[in-house]
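Asker: Spelled out from the first residue to the last, the chains are:
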Amino acid sequence: DSGVTQTPKHLITATGQRVTLRCSPRSGDLSVYWYQQSLDQGLQFLIHYYNGEERAKGNILERFSAQQFPDLHSELNLSSLELGDSALYFCASSIGQGRMNTEAFFGQGTRLTVV
Amino acid sequence: GQQVMQIPQYQHVQEGEDFTTYCNSSTTLSNIQWYKQRPGGHPVFLIQLVKSGEVKKQKRLTFQFGEAKKNSSLHITATQTTDVGTYFCAGKNNAGNMLTFGGGTRLMVKP
Numbered sequence: 001d002s003g004v005t006q007t008p009k010h011l012i013t014a015t016g017q018r019v020t021l022r023c024s025p026r027s028g029d030l031s032v033y034w035y036q037q038s039l040d041q042g043l044q045f046l047i048h049y050y051n052g053e054e055r056a057k058g059n060i061l062e063r064f065s066a067q068q069f070p071d072l073h074s075e076l077n078l079s080s081l082e083l084g085d086s087a088l089y090f091c092a093s094s095i096g097q098g099r100m101n102t103e104a105f106f107g108q109g110t111r112l113t114v115v
Numbered sequence: 001g002q003q004v005m006q007i008p009q010y011q012h013v014q015e016g017e018d019f020t021t022y023c024n025s026s027t028t029l030s031n032i033q034w035y036k037q038r039p040g041g042h043p044v045f046l047i048q049l050v051k052s053g054e055v056k057k058q059k060r061l062t063f064q065f066g067e068a069k070k071n072s073s074l075h076i077t078a079t080q081t082t083d084v085g086t087y088f089c090a091g092k093n094n095a096g097n098m099l100t101f102g103g104g105t106r107l108m109v110k111p
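These protein sequence lines map, in sequence, to chains C and W. Residue numbering for the first sequence follows the numbering used here, starting at 1 and increasing by one per position. Residue numbering for the second sequence follows the numbering used here, starting at 1 and increasing by one per position.
Here chain C stands alone, though its shape is the one from the complex (with noise of 0.2 Å):
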């Protein structure tokens, strides 16, 4: 058990809706990280909070968003669904930033199915 909590563990909608993706990081990590990965593919950078802020974007679509909360929980939330936007979400959380950063803890993940 990596500490890292994801709810649901999966999900499936139609086209054309929206959905949020929670994630809980571990205890006393400020950092979390969202990741999406198709089937078989790699891990696609999507966003990095850091204590609430949002500190780096890769390569998330206009129809998502994110936010971290007070409290270190992240949301990620998808509207306007598309075929393929299905694939497995991943939160990982790690305790901070900079260079000198410990590893990043991944969560079982979010497997989005859309139809």
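Treat the hints as calculated values from the structure; they're not laboratory data. Computed from a predicted structure; not experimentally measured. Keep in mind that the hints are not guaranteed to be accurate.
[Claimed, not checked] Some chain W residues judged to face chain C by a derived CB distance under 7 Å, without partners named:
#1 GLN33
#2 PHE101
#3 GLY103
#4 PRO111
[Said to hold, decoys possible] Residues of chain C placed beyond 12 Å of chain W at every Cβ, according to the derived structure:
#5 PHE64
#6 GLN67
#7 SER80
#8 GLY84
Heads up, the beta-carbon is just placed ideally off N, CA and C, and yes, glycines get one too.
Fit chain W to the supplied structure of chain C, relying on the hints for placement.
Answerer: Only chain W this time, still in chain C's reference frame:
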């Protein structure tokens, strides 16, 4: 932006053979990390390399960080079926605010 490439994408080996995956970054990295994702699982941290030319070993796994801090490799000696999974490298840029993953190398081991 920063890009991290990993080769090969797939590798089939016979149990007992060696395996190597290579990672190359388009920019100089402050550090590089390696993760393993078992089928159906989530990535799990293996190791972090920070210094230029650094070499670290974990039992049958040997990790190297290039002199220019732009490339890295993971070598597994005498693979076992338990080594099956996808190995990802992940590079952190000098600003330290983005962990970019390579595409991963999926290792399959025939018993």
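Asker: So, for every hint listed, does it hold in this structure?
Answerer: To see whether the hints hold, each was checked on the structure:
1. Checking GLN33 of chain W against chain C: minimum C-beta separation of about 6 Å stays under 7 Å; hint holds.
2. The interface hint given for PHE101 of chain W holds, since its Cβ lies 4 Å from the closest Cβ of chain C, which is under the 7 Å cut-off.
3. With 7 Å as the threshold, the beta carbon of GLY103 of chain W comes within range of chain C, its nearest partner Cβ sitting at about 4 Å, so the hint holds.
4. Here the hint on PRO111 of chain W is broken, as its CB sits about 22 Å from the closest CB of chain C, past 7 Å.
5. The beta carbon of PHE64 of chain C sits about 17 Å from the closest Cβ of chain W, which is more than 12 Å, so the claim that it is off the interface holds.
6. In this structure GLN67 of chain C is separated from chain W by more than 12 Å, as the shortest Cβ-Cβ distance comes to about 17 Å.
7. At roughly 25 Å from the closest C-beta of chain W, the C-beta of SER80 of chain C stays outside 12 Å, upholding its exclusion from the interface.
8. Every CB of chain W is more than 12 Å from the CB of GLY84 of chain C (nearest about 18 Å), matching its label as outside the interface.
The structure shown violates just one earlier hint, number 4.
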